[in-house]
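As a plain string of letters, each chain reads:
Protein chains: 4
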Amino acid sequence: MATKRFASEDPDVDLLYKQLAEHDLQPLWELHGLLTPQPRTRAVPFAWKSDVLLQLAGRAGELIPVDRGGDRRVLSCANPGLDGQPYAVGTLWAAVQYLGAGEQAPAHRHTPAALRFVLAGRGVWTVVDGDPIPMEAGDLVLTPSWTFHEHHNSGDAPMMWLDVLDLPMVAALDAVFFEEGESETVTVSTPDSSRSERLHGGGPGLVPVGVEPPAGRSPLLAYRWADTERALVRRLDAGARYAHVRFSDPASGRDVMPTMRCEMLRVPAGVAVPEHRQTGARVGCVLHGTARAEIGGRSFALSEGDIVAIPSWAPLRLTAEADLDLFVTSDAPVLAALGLYREQQS
Amino acid sequence: MATKRFASEDPDVDLLYKQLAEHDLQPLWELHGLLTPQPRTRAVPFAWKSDVLLQLAGRAGELIPVDRGGDRRVLSCANPGLDGQPYAVGTLWAAVQYLGAGEQAPAHRHTPAALRFVLAGRGVWTVVDGDPIPMEAGDLVLTPSWTFHEHHNSGDAPMMWLDVLDLPMVAALDAVFFEEGESETVTVSTPDSSRSERLHGGGPGLVPVGVEPPAGRSPLLAYRWADTERALVRRLDAGARYAHVRFSDPASGRDVMPTMRCEMLRVPAGVAVPEHRQTGARVGCVLHGTARAEIGGRSFALSEGDIVAIPSWAPLRLTAEADLDLFVTSDAPVLAALGLYREQQS
Amino acid sequence: MATKRFASEDPDVDLLYKQLAEHDLQPLWELHGLLTPQPRTRAVPFAWKSDVLLQLAGRAGELIPVDRGGDRRVLSCANPGLDGQPYAVGTLWAAVQYLGAGEQAPAHRHTPAALRFVLAGRGVWTVVDGDPIPMEAGDLVLTPSWTFHEHHNSGDAPMMWLDVLDLPMVAALDAVFFEEGESETVTVSTPDSSRSERLHGGGPGLVPVGVEPPAGRSPLLAYRWADTERALVRRLDAGARYAHVRFSDPASGRDVMPTMRCEMLRVPAGVAVPEHRQTGARVGCVLHGTARAEIGGRSFALSEGDIVAIPSWAPLRLTAEADLDLFVTSDAPVLAALGLYREQQS
Amino acid sequence: MATKRFASEDPDVDLLYKQLAEHDLQPLWELHGLLTPQPRTRAVPFAWKSDVLLQLAGRAGELIPVDRGGDRRVLSCANPGLDGQPYAVGTLWAAVQYLGAGEQAPAHRHTPAALRFVLAGRGVWTVVDGDPIPMEAGDLVLTPSWTFHEHHNSGDAPMMWLDVLDLPMVAALDAVFFEEGESETVTVSTPDSSRSERLHGGGPGLVPVGVEPPAGRSPLLAYRWADTERALVRRLDAGARYAHVRFSDPASGRDVMPTMRCEMLRVPAGVAVPEHRQTGARVGCVLHGTARAEIGGRSFALSEGDIVAIPSWAPLRLTAEADLDLFVTSDAPVLAALGLYREQQS
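Residue numbers (the working numbering), protein chains in the order written: chain A, 308 to 653; chain B, 308 to 653; chain C, 308 to 653; chain D, 308 to 653.
If you are wondering where the hints come from, they were derived from the structure by calculation, not from laboratory data.
One thing to keep in mind: the hints can contain errors.
Given that identical chains are not distinguished, each listed pair holds provided it fits within a single copy or across any two copies.
Claimed, not checked - Cut-off 25 Å, straight-line C-alpha distance, at most; resulting in silico cross-link-like pairs (PhoX-like, lysine-lysine):
(1) LYS356 with LYS311
(2) LYS325 with LYS356
(3) LYS311 with LYS325
Treat the numbers as computed from the prediction; the structure is a model and nothing was measured.
Required output: the full structure, derived from the provided sequences and hints.
What follows is the structure, given as structure tokens:
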């Protein structure tokens with residue numbers, strides 16, 4: 308039990324402070340910085356570079372068997388502002404996961420929700436509640452809260468992808484549950500389209516009759532790059548200077564999962580997205596292109612495969628240098644559900 | 308003012324009945340058939356045959372200019388049970404609209420919502436609130452309540468399609484408003500994709516950021532046959548004996564309009580859809596194939612282009628003879644919103 | 308089967324019309340008045356006077372046993388514009404129900420929903436799904452769609468109240484179901500508070516834990532005059548010129564039933580409610596006071612117990628002569644759910 | 308910047324760990340305790356006793372002026388498991404606030420939402436966005452997110468009440484905003500009913516017409532003990548062994564604020580509430596009576612004015628010794644909105 312000590316120049320007040328401490332009470336008037344005019348985040352703007360991620364993940368692939376602790380070969384981004392916590396920003400875990408040819412990460416489930424965004428390669432199936440989902444570059448794959456999931460690399464080359472979880476938030480809410488599962492068999496002959504897609508991925512606005520979607524999260528577990536790119540192209544065709552689309556639950560139009568929003572930005576070379584900030588934390592990942600990102604007074608040169616942390620309320624100004632495709636995930640649905648979402652255009 | 312007369316064998320009661328009538332009152336105990344054990348519809352099961360529709364619509368095209376009354380060259384299906392009312396079933400108007408090469412049906416708007424389902428041909432643009440939407444076989448095009456709309460045949464052949472409106476329901480609610488509009492110019496060089504599709508038709512679960520969808524109805528105004536067919540194929544690939552998909556508002560997952568549900572059935576030759584009934588009226592239209600439909604004790608041989616009326620609570624048993632694609636629209640969202648939706652599988 | 312005949316001066320067109328009729332089709336361009344600039348209601352503004360209602364209901368009490376057909380002794384208001392249909396307005400049934408001392412109206416249920424508004428007296432219990440609800444002047448009692456209900460007069464005097472049902476609307480939707488039930492026993496010693504009130508009527512914003520409310524309609528079946536009057540008084544205390552409150556489902560804030568809105572107006576003597584109109588039909592009933600009502604160009608002197616029909620879109624201007632309490636019910640939730648609700652302040 | 312160091316017995320792995328640390332990455336397989344089978348809370352079950360709170364708050368009243376830092380004279384409950392953080396449980400701040408006769412706590416607003424629950428006394432007005440709300444024993448008063456609020460003791464005795472805020476959660480989401488405001492004048496002649504109550508507190512299910520409620524939170528800012536007690540009495544009258552009611556937004560039936568659920572339990576002497584646990588943290592406060600509380604293996608004797616911390620997933624077994632009225636607040640709406648709410652009855 309840690310006891311915080313407060314001090315004063317008045318012996319009566321000092322005695323009061325001592326008595327408060329003895330009874331697990333604290334004087335509000337000595338607590339500073341609780342209520343700040345604007346969010347004061349511990350997490351700082353930061354970027355993890357693709358070449359480092361690739362090199363160290365590859366090295367881990369050589370040295371660390373996949374089943375050594377945690378069942379996953381994952382390098383987690385640790386924001387330097389967070390005092391050693393393995394979190395990219397205050398509410399989101401971001402990491403790269405590396406799976407060698409023929410390797411398998413065993414089945415489990417947990418209440419923290421996860422998403423996988425594939426930067427390159429193919430050959431891995433993620434199995435979600437028994438439904439094998441092949442993963443390829445540009446795809447977004449969901450493993451929602453409390454769904455069993457496992458990863459199989461049935462290809463002949465290692466593969467690496469971005470993992471983002473709402474783990475810090477679920478941990479802060481003291482709601483983490485975890486359970487191991489029975490693994491499935493997946494082979495190269497497994498169909499290249501998941502059951503989830505066959506049911507719920509037919510087309511814009513087309514939903515299956517007689518299939519009750521799960522409550523609160525998307526029944527569609529894979530969003531394919533070909534579809535995403537078509538949506539981006541159409542958005543630009545409709546006259547936008549840059550394209551900005553949101554991945555949604557086709558059964559409700561809401562965010563794909565209750566804790567995480569997923570978006571994709573396509574910014575043509577030379578175009579700047581106006582400075583903007585919002586409450587809640589974001590993690591970005593460059594799929595294609597290069598950009599300059601000014602985040603809360605710091606400047607980052609971003610290129611393919613880089614992961615970037617955008618803390619709450621930090622202004623973001625993004626200028627594409629080569630045609631940019633940027634995947635962004637955030638805790639925005641949580642802020643919105645709790646009435647705490649704000650945004651500001653500069 | 309009509310006065311209903313009730314009679315009895317008791318002169319005191321007769322006097323009472325006379326006094327009630329004089330004061331615009333009626334004795335409930337003499338009113339029979341108000342509360343029936345099950346729905347007793349005036350509309351009967353019925354089918355309008357494609358060859359008749361084509362022949363008479365073509366003849367109307369020769370004889371009747373498009374702007375003669377109502378601004379539309381439309382033949383409305385008049386259910387024989389409805390005493391001369393021009394309605395296909397109790398709550399829905401169904402009709403074929405015929406537009407010759409180079410003809411134009413001028414702009415107007417009304418609170419009754421409409422949908423257009425194209426059975427064959429191409430060359431017509433329907434302009435909805437300034438957005439030109441080309442129409443081709445198999446497409447579903449919406450002109451929601453109070454949106455301006457007009458039709459232009461910029462092609463070199465006549466074109467005909469199915470119109471369904473919720474007019475009887477909106478009329479029963481005494482909520483019909485109508486207004487003429489200013490017509491737009493559409494040419495053959497008008498893009499073959501509407502603004503609505505470029506914004507909202509990117510792909511399953513992909514929604515544009517920064518575009519506020521209209522309240523209560525789909526922002527996507529055209530559902531293309533290629534997408535619909537892909538959804539049907541995937542549904543069959545997922546193991547269903549027949550495919551049944553619903554057109555939905557991609558921003559909410561709800562029905563495309565608050566008063567009309569739209570669905571498509573693909574039934575392989577030889578397959579029978581189990582007998583089923585539901586509250587609320589339906590109108591079907593055969594896009595492809597042939598079928599036997601047993602509806603409330605009557606039997607119909609359906610082929611391409613036929614329109615069929617399925618009254619509330621009438622059991623429907625459908626058996627495909629040649630591979631069947633059947634478009635079905637209904638007032639189901641109204642029944643559901645009012646707590647009156649029931650269905651029963653035999 | 309009625310066939311509508313259209314005529315023209317052109318023999319070719321006449322032949323076409325004849326062929327259309329033979330095939331149950333109608334030419335839209337000959338159908339006039341389908342789409343009107345504004346709602347054109349058949350129902351007219353009208354009032355049924357209390358003294359007539361009392362006298363004729365009393366006479367019916369002498370002459371007609373309660374179980375003679377329909378299980379109810381009810382005089383229904385027949386709007387003179389509706390060609391003999393027993394409806395007060397296009398979508399609502401309004402009537403007075405009269406039950407003598409010791410009489411009982413047996414149990415049944417139907418999909419049309421009903422409400423009871425008590426103008427005077429006490430001594431009757433309405434039993435809803437087994438829950439006995441005593442009725443007194445000023446109370447609103449609900450018998451929602453498909454709930455069993457029956458009325459018992461355990462008092463020693465006849466009692467009369469207003470019944471309003473959504474029957475015309477449910478009939479137009481071909482969704483009427485009806486079933487007889489087993490009657491309960493109610494005595495003068497039955498508690499004077501229903502189970503529904505003990506669970507859901509605790510106070511503003513207080514809901515029971517562990518009691519799942521029914522879907523789509525209020526779990527609270529009785530709204531007591533004492534509570535309603537307190538809300539009216541507070542509203543005037545808060546500075547309003549007249550008080551206007553809506554009865555709502557305490558579990559959702561929505562209307563008490565999906566098809567009917569219930570409201571109460573308190574207008575101090577001499578105060579005029581500004582002219583206003585809305586889509587959808589309304590029925591009013593004077594609980595206390597007198598007023599002048601101008602409705603769609605007609606003028607009515609209203610006093611206690613009068614029932615008044617306000618058709619869709621008819622402007623209503625109400626001026627209280629003596630302090631007025633007016634109960635109003637309408638189909639507004641239906642119009643709102645279907646995107647057809649409009650209102651206009653003059 | 309803190310760097311976490313991982314060690315291994317393999318120099319190659321050690322080198323990898325060193326390189327990871329240099330690049331702000333961490334090896335998941337060395338991170339233990341992230342995903343636990345069940346929630347493992349840092350906060351422990353705990354109780355703060357009324358006599359201590361009263362004595363130390365009174366002493367603070369003598370020694371500390373109200374405007375010294377934080378604008379409030381507040382003693383915050385610091386859960387001994389939380390390493391000196393001033394929070395009662397992981398997501399909730401709980402405290403007692405003490406205001407002497409004639410004192411005033413100045414106006415401010417902040418995004419963390421607060422509630423006040425009064426254990427004894429009267430004489431204080433809390434002004435919320437300009438609406439003065441008198442506070443008395445048993446009352447629940449809300450100061451929702453971003454509403455200006457201030458406290459005035461216009462009485463002649465000091466007064467103390469429970470404050471609960473969602474501050475830890477809003478801080479974890481990096482969404483704290485704060486602003487000072489202009490104070491109002493309140494006197495003993497200020498009406499004893501708030502505008503909020505005159506508009507929204509009329510009675511169960513009675514809502515004002517023409518008053519748009521705020522989005523996402525209750526428009527009713529005070530829940531009076533007389534109403535709450537009536538609801539508890541009715542619940543017991545309806546046959547429950549103990550009464551359990553939830554305070555709700557009368558305009559929506561949802562929780563009073565998006566981040567905090569408020570409930571009241573009345574447990575007759577000798578009755579035990581069955582053991583139960585739920586995800587999310589709770590804070591209880593005894594209004595009347597005494598009880599034995601078994602919480603996660605610890606046992607507490609509770610009496611009037613005690614505050615108790617119930618961590619996430621800790622089983623709670625409550626046995627009333629003298630008739631108990633227990634106020635409970637929790638973060639349950641957050642857990643529910645995010646799909647993380649679970650409960651378990653033993």
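Here is what the structure says about each hint:
1. LYS356 with LYS311: between (40 Å within a copy, 20 Å between copies)
2. LYS325 with LYS356: between (50 Å within a copy, 17 Å between copies)
3. LYS311 with LYS325: Intra 10 Å, inter 34 Å, cutoff 25 Å: intra-copy only.
Taken one by one, the earlier hints all hold for this structure without exception.
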